[in-house]
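Novice: Chain by chain, the residues:
Number of protein chains: 2
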Amino acid sequence: MLVNGVPGNSISIRDRGLLYGDGVFRTLRADKGKALHWPLHYLKLKRDCTALGITCPDEALLCAELDKVLAQHPDGVVKLIVTRGAGARGYTPSADVTPTRIWDFSPLPDYPPEWMTQGIKARLCNLRLSIQPRLACVKHLNRLENVLAAAELHDAQSHDHQLAEGLLLDADGHLIEGIRSNLFLVSQGKLTTPDLSRCGVAGIQRGRVMAWALQHGMALQVRDIGLEEALHADEIFIVNSVIGLWPIRELEQRYWSHFPVAAQIRHGLDRQDT
Amino acid sequence: MLVNGVPGNSISIRDRGLLYGDGVFRTLRADKGKALHWPLHYLKLKRDCTALGITCPDEALLCAELDKVLAQHPDGVVKLIVTRGAGARGYTPSADVTPTRIWDFSPLPDYPPEWMTQGIKARLCNLRLSIQPRLACVKHLNRLENVLAAAELHDAQSHDHQLAEGLLLDADGHLIEGIRSNLFLVSQGKLTTPDLSRCGVAGIQRGRVMAWALQHGMALQVRDIGLEEALHADEIFIVNSVIGLWPIRELEQRYWSHFPVAAQIRHGLDRQDT
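Here the protein sequences come in this chain order: A and B.
Read left to right, the first sequence gives residues 0 to 273 (numbering that gives the first Met the number 0).
Read left to right, the second sequence gives residues 0 to 273 (numbering that gives the first Met the number 0).
Bound conformation, chain A alone (with noise of 0.2 Å):
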């Protein structure tokens, strides 16, 4: 793949998104030659990197390189990861580095078709996720809540093998996202998604559906949502670059079976990607 533009698939040991986590990524589809919403992932990484202090690579370069990765790798998941850079031991981040871009790539996963219209089994991850307004809504490298709850729900895949995503609450018990994915209620035809100021992560799939809102007079409400809401709404889905989105069946021994407004938003957004 590339890195600072060159084929390569190694960074230094020396990279602070290695020694710190210290920078910030995009998972974005590929599709027949064009990676899907550019342009609003593109901005979302310019935000991502101003929170952190990081200069944002040029969209033009960026462009070029993205063109290299489409045309070897047309279909598919695209990464971008980009980091401060190398620099000297310490966490204080010098102004004179170069941010590092990675560029990776890997096949669409397989996940059954099914998920999308008849939903997904949930579960709610024991880890509860930390509250850090300095870092909330940034995708940074710091994952490492992710990668506990990922493992909590791989734990009980292995009893459940049914079991698509998990949902993960703050500390203070209000419900923020998935693992991998944003969360929408759905209520009396009013659409409610949690409020990410204090953590979390804004992806660009929920802008488009907090868009796809505004656009099409939907009632659209952001704030806090406790647990017993979530399970007592007329639907719930999540949605993320890869997966679309997927409606939840199935969470907490609450069972939903028609997910009319999922169903609408998801056509919506499907007939933007074309």
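Hints listed in this document are in silico derivations from the structure and should not be mistaken for laboratory results.
Only a predicted model underlies this, so the values are computations on that prediction, with no experimental measurement involved.
Warning: the hint list may mix true and false statements.
Derived SDA-like pairs: lysine to any residue, alpha-carbon spacing no greater than 20 Å straight-line [claimed, not checked]:
| id | chain 1 | residue 1 | chain 2 | residue 2 |
| --- | --- | --- | --- | --- |
| 1 | A | K138 | B | R13 |
| 2 | A | K78 | B | G89 |
| 3 | B | K78 | A | R13 |
| 4 | B | K120 | A | T91 |
| 5 | B | K78 | A | G89 |
| 6 | A | K78 | B | T91 |
| 7 | A | K78 | B | R13 |
| 8 | B | K78 | A | G86 |
| 9 | A | K78 | B | A85 |
Taking beta-carbon pairs under 7 Å as the criterion, some of the chain A residues facing chain B (in silico) [claimed, not checked]:
| id | residue |
| --- | --- |
| 10 | G20 |
| 11 | Y90 |
| 12 | T91 |
| 13 | D95 |
Backbone N, C-alpha and C fix where the C-beta goes; we use that ideal spot for every residue, glycine too.
Start from chain A and add chain B according to the hints.
Specialist: Relative to the frame of chain A, chain B by itself:
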């Protein structure tokens, strides 16, 4: 330096240490070809690996690699990183990855020697540590909070170049640690160090001070400490494996000039080094 036993200075872009900060590290002092307190470092490495579910490399293997590093670099700072290894896409840690072992070296920083005896000026950081009991004590690679705090300290140093360390409170206002050090208070001849069960890194020098206190019949408490209590302590000092022990002579408009207990402990620890 060494990567998995082979001279090299790069790792795979698919290493989970980079992708998720999924690993742990040690910073050790090399002195005349000897790694100080290696047994304590290995014990801590093993404990930290266990906390993340990483299989800790055998001590014999690491010792052989360490010997190679010390043969080339007998004096300075040795860093050892152990990551979960390179694996498939996604947060889930698969069982069949081999941990990556990374050794790096840097010269001993050139700190003013009087900081050991006359103390340093420290500053309270605005950044608050988040509370995550699952990761507390562990020296893992998710260090963005330290990076943000170090950036804050660096900004403050541009106005006040005497500042040598930043102290960190957690989200609840408890004093936890320095950006790169652990912290002790001395009050009426008794030692107190912050409880690190919810956040912070429990370094091996902290353990050494605690062991020294026990051996020498000095009362020691591990508990929550508020800022006010710290500002009214008879002495405050910080420790880590590179700096050793530094008393604090100034913090938040409070001044200290005598550090008899800190000096006693520093001498005690130094004697163990020889």
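Novice: For a quick check of understanding: which of the numbered hints are violated here, in increasing order?
Specialist: Structure breaks hint 13 only.
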